[in-house]
Every structure is written in structure tokens, then in C-alpha cells.
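Asker: Residues per chain are reported as follows:
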Amino acid sequence: GQSLEQPSEVTAVEGAIVQINCTYQTSGFYGLSWYQQHDGGAPTFLSYNGLDGLEETGRFSSFLSRSDSYGYLLLQELQMKDSASYFCAVKGGTYKYIFGTGTRLKVLA
Amino acid sequence: ETGVTQSPTHLIKTRGQQVTLRCSSQSGHNTVSWYQQALGQGPQFIFQYYREEENGRGNFPPRFSGLQFPNYSSELNVNALELDDSALYLCASSFDRTNEKLFFGSGTQLSVL
Chain A
8 GQSLEQPSEV
18 TAVEGAIVQI
28 NCTYQTSGFY
38 GLSWYQQHDG
48 GAPTFLSYNG
58 LDGLEETGRF
68 SSFLSRSDSY
78 GYLLLQELQM
88 KDSASYFCAV
98 KGGTYKYIFG
108 TGTRLKVLA
Chain B
12 ETGVTQSPTH
22 LIKTRGQQVT
32 LRCSSQSGHN
42 TVSWYQQALG
52 QGPQFIFQYY
62 REEENGRGNF
72 PPRFSGLQFP
82 NYSSELNVNA
92 LELDDSALYL
102 CASSFDRTNE
112 KLFFGSGTQL
122 SVL
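Heads up: the protein sequence lines correspond to chains A and B, in order.
This note's numbering applies: residue 8 is where the first sequence begins, and numbers increase by one.
This note's numbering applies: residue 12 is where the second sequence begins, and numbers increase by one.
Chain A with its partners taken away, still in its complex shape (with noise of 0.2 Å):
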């Protein structure tokens, strides 16, 4: 089968680190992306590994290892407004995505 884990939940602080990690098992992989989703509003795109490494984006960083099968989305100096749901997703074959079941993370003051 094919499957993307996450956990479900984390909690942080304001201006902490936070790491969510996923894993995934598919039948092919072009690269791993990763998604913020707020309550009631449309998935938004932060960012695309396609090769091993790290990539950052501003306060966002995402590493890919596909010899692991692993990824993370990095979010430094944690906002109040960083409060949603982060989503890995894979392109997992010819035109398909493949999206993780979504990390809640909820930033305390």
C-alpha cells in the first residue's frame, strides 16, 4: 500500500522550534512537499524537496532523505499565527499526489 505518516498532534511554544516528521511508503516518489492548512481554509504550499537535503525558507526548512524514506518541516522562532495543519504530500506516481493524515500544531503563548 501506499501511506505518508505524521504525528497527529504537537505543541510548542511561541519562538520555539518545532520539527514535524514524516515517513512514507509508495509504489514511486518524484519528491516530497509539505502544506500548511488553517481551520477552514485552502492548503498552502511551503515547499519541495525533490533531491536529498535541506531546503529553507525563511523561517521554514524541509530535509528529504530517500534512502530513509523520510522528511521534516523545520519552523523557527514559532508565531501564534503558525497555529494550523501541516501536511506531507508525495508525488507518488505519473500525475498522483499522496497526502499525509496532517500534523495539528498548536503554538502557545
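It should be emphasised that the hints constitute simulated quantities derived from the structure, not laboratory data.
Hints should not be assumed to be uniformly reliable.
[To be verified] Heads up, simulated DSS-like pairs for lysine-lysine below, C-alpha to C-alpha not over 27 Å straight-line: (1) 113/A to 24/B; (2) 88/A to 112/B; (3) 88/A to 113/A.
[What the hints assert, rightly or not] Short derived list, chain A residues pointing at chain B, Cβ under 7 Å: (4) 49; (5) 52; (6) 94.
Don't be surprised by glycine CBs; every beta carbon is placed ideally from N, CA and C.
Since the structure of chain A is already known, use the hints to place chain B on it.
Answerer: The following block gives chain B in isolation, referenced to the frame of chain A:
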């Protein structure tokens, strides 16, 4: 540049009915994909359209069908609605079928009674 827009925002149907959801893709995008998101779950890929042809499909029955028009807008049709079809339906567009960045609309919340 306009974003992805979906209509209607909310819809209530009864079991057995048919529904059509609509999506206007972001300007300059030729690829549209549709997703079903149940409460507390991640989006589930339904299918993707590129230049008016379906070129990718998830594990959804044939009663889920779609269209893409020459202006790259799209429709999702669901026949013989079931209670389990109640979900948020999201449309996403991308610059091209190989582009990794998906731009999502705010979705249509479908309730099947």
C-alpha cells in the same frame, strides 16, 4: 493575478442525487486536480486534468467524473451520492502537470443527508 476560486462554498444534497462542483484555475495554469478531504484527514487525490484530458486518477469509483474546459476551468461531478461523500472538496491548479506547487481553492463543503 486571480487565485483559484470554487463554487459553491457549501452544498446540501440527499443520498442518490447528483452534484456538480466548479473550479476556476489560477491565471496561467493549465492543470487542475481535485481532492476530497474528510474532517481531520488529509486531502485524497481524486483526479487531475491537463489540457482538457484526465491524466491521473486516485482510488475513486467511476461515479466521480470531471471535465476541464478550454479556459482550463474545471468541474467535478459526483453521481448517486452516498453519505460517505460528505466532505470538503478542494480544487488545485498548477502551472503545468509536472510543476510541484499546487494552488488550492477554499473548497466546497458538501453535506449528503
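Asker: Check each numbered hint against the structure and report the violated ones by number, ascending.
Answerer: Of the numbered hints, just 1 does not hold.
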